[in-house]
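As you go down the protein sequences, you meet chains P and B in turn.
Going by the working numbering, the first residue of the first sequence is number 5, and it counts up by one from there.
Going by the working numbering, the first residue of the second sequence is number 5, and it counts up by one from there.
Among the hints, erroneous ones may be present.
Copies of one chain are not kept apart here, so a pair can be met inside one copy or by any two copies together.
No more than 25 Å apart at the CA atoms, straight line, and that leaves these computed lysine-lysine pairs for DSS-like [claimed, not checked]:
{"hint": "1", "residue 1": "K93", "residue 2": "K372"}
{"hint": "2", "residue 1": "K388", "residue 2": "K347"}
{"hint": "3", "residue 1": "K247", "residue 2": "K269"}
{"hint": "4", "residue 1": "K40", "residue 2": "K388"}
{"hint": "5", "residue 1": "K388", "residue 2": "K93"}
{"hint": "6", "residue 1": "K353", "residue 2": "K388"}
{"hint": "7", "residue 1": "K347", "residue 2": "K127"}
{"hint": "8", "residue 1": "K247", "residue 2": "K126"}
{"hint": "9", "residue 1": "K222", "residue 2": "K353"}
Treat the hints as calculated values from the structure; they're not laboratory data.
There are 2 protein chains.
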Amino acid sequence: MGKNLLYAQSGGVTPVINAQAYGVIETAALSQDIGKIFAARNGIMGVLDENFIDTSTIDKQVLSGLMHTPSGAFGSCRYKLQDEDEIKKVIEILQRHDIGYFFYNGGGDSQDTSNKITQISKKMGAPITCIGIPKTIDNDLPVTDNSPGFGSVAKYVAISTLEASLDVASMCASSTKVFIMEVMGRHAGWIAAASGLANPHIILFPEVAFEADKFCAKVQQTIDKHGYCVVVASEGVKDTNGKFVAKSNNKDAFGHAQLGGVAPKLASLVTERLQAKTHWAVCDYLQRAARHIASQTDVEQAYATGKAAVEFALAGKNALMTTIVRTSNNPYEWEIGSVELEKIANVEKFLPIEYISADGWGITQQCKEYLLPLISGEAYPPYKNGLPIYSVI
Amino acid sequence: MGKNLLYAQSGGVTPVINAQAYGVIETAALSQDIGKIFAARNGIMGVLDENFIDTSTIDKQVLSGLMHTPSGAFGSCRYKLQDEDEIKKVIEILQRHDIGYFFYNGGGDSQDTSNKITQISKKMGAPITCIGIPKTIDNDLPVTDNSPGFGSVAKYVAISTLEASLDVASMCASSTKVFIMEVMGRHAGWIAAASGLANPHIILFPEVAFEADKFCAKVQQTIDKHGYCVVVASEGVKDTNGKFVAKSNNKDAFGHAQLGGVAPKLASLVTERLQAKTHWAVCDYLQRAARHIASQTDVEQAYATGKAAVEFALAGKNALMTTIVRTSNNPYEWEIGSVELEKIANVEKFLPIEYISADGWGITQQCKEYLLPLISGEAYPPYKNGLPIYSVI
């Protein structure tokens, strides 16, 4: 038997991060070169607490249910290792449990942590193979064509925009004229852009400075023309001074500001300035937990990025993150690639300018072609008594 | 050929009101006793404007697509006929178009309008047969066991609660401790109660007076015990003085206050008092437009209430609303019944006290038994390119 393997989830969870976990666990279980397959409870915090789950003890049906279970079934965390001392502590714990393979499933911050673990463990003379598995609904990781988690959120947001638009259209003659839906995405407009597949009248991207006067004029113009106006706003919308339109005073473990609350602010603005009846929705966690309407492409890529991480490690590779490489747009084709961890850390991939329409309120055809395959296919979970059957570990 | 038929949609739309329309149109088309089948554009406003759609001119595939299209495909409205003069105007218009059957698909206010039309037309010597078709996501219509539209919203809310709960549970060790989801329902707690199928820690009903101190104590207690707390709040939550916790200054055509915004208010309260990281979502129109996750029971009952309305009219009945009668709970069985329109007008059916748990924070087993069959079955719409194919008329 070879060294043991440790898998851990990090950062904001997604509808398909557990499918990534299953890709790792199922693939590793087939190898004679890997000993026990552990998952850390609550990400890196579980490593520090030596809180490991031996995945061979999990009921087989519960384990395979990870393919269709949203959230982080092993627990995730927002915790950044403090300094080199804490990283060394992690390495000592990994060594004590004879762990030779560490798979960290997370965003840019997590890939940075992984990279430090592999570098420092090498210096300490006990190298640990670290492979990163990309994960973020925000789709802001560089190099990879897209990140698992994003496609399903994009599908949820596009469908919700389509459905709500029909609702508003059907009642605008005598009721609500403006509907504003707030979506996540932090500094990057990818999730907001996904709503463009359902053609809302206005999309507010973090990449385009928000100006109240211009916005209100555009809303009024749209009402005059169509009778109603559907707005999708990114939580990360900023004003011309680069300040978030809505942010709370809270910061997370990485020092990122907690966002949320753009929609009601915009609704107040519209009501006051235009005297138009306005409704608003804030999707918040519903969008990133909505496994019930996950994208089939996303689920397949999630599993594949987990599987490939194990295959890379077994092939002797190290300090890489698995990536998704788009090889053809029409028909859509993709394959698994890889990138050095050090190229991922602390780089955010924003919505490119050529994906935003010239007027700044929508997306281009090129953007639609990028997005469409990512929301393709419906990967429905099984149901019992009207509710999805999700695995709890 | 007999007299013509007019169908109209009224009030807030639902994921299945178009399935009700299709039940009317498909059934009426089979009868030799009915002439043309019209639908009014934008409900009663379209009647006043003589804006009628001859449904025989609609493409067959688009028409049958009504079975899986949310919103009001013919347009709905929030408009109450002003007085007897306006009702007489409506009757004259109906007569001019040789309309002998009027089917109004709406809530209590609409059934009241229907009742007046049939009474006054009789006095005017030209009786028009009026059959009401129940519709409200709020489930607050009396007599009928449940109202089409509610089951699908209940399913959306239960699934969203389940999914978001998993999300929060997986990250609470280092991130969000409290998640608050706001749902619709106006004065009645039916939609909030539906979340109980997914066991959130706290449900806030309009039927239970909100007390900030008690609420915060319960939230803290729940965090201490479980590590996190999921709250589902009805938009219609009221304080001990009977005042809505969140309402805007806007009122609709029926004088009802526009609600919305409870979740962020509660989140501020929790953040201030408990210093716990809090996230919140407001479902708003997303919940009532979410045809992508409609309940099969709801879709079937929607069609049946439309179909039965035509059958009642052809059997010479008048001034009735079709109802759903539960004949057995386990196995769930139901049949179509009827009630006089005058018994429906301006009566709201609240969540019964025996459906609310003794501590006021959840639902009873009896309530679960009432709700479960209503969210049963998944009636997925067809998809193309990752998005549902919805009919636009």
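The hints, checked one at a time:
1. K93 / K372: neither (46 Å within a copy, 49 Å between copies)
2. K388 / K347: neither (44 Å within a copy, 37 Å between copies)
3. K247 / K269: both (14 Å within a copy, 23 Å between copies)
4. K40 / K388: Neither, since 33 Å and 43 Å both go past 25 Å.
5. K388 / K93: Classified as neither: same-chain Cα gap 44 Å, cross-chain 51 Å, threshold 25 Å.
6. K353 / K388: neither (40 Å within a copy, 29 Å between copies)
7. K347 / K127: Intra 20 Å, inter 82 Å, cutoff 25 Å: intra-copy only.
8. K247 / K126: This pair counts as neither: shortest intra-copy Cα distance 42 Å, inter-copy 65 Å.
9. K222 / K353: Neither: 28 Å inside a chain and 42 Å across chains, both beyond 25 Å.
The structure shown violates the earlier hints numbered 1, 2, 4, 5, 6, 8 and 9.
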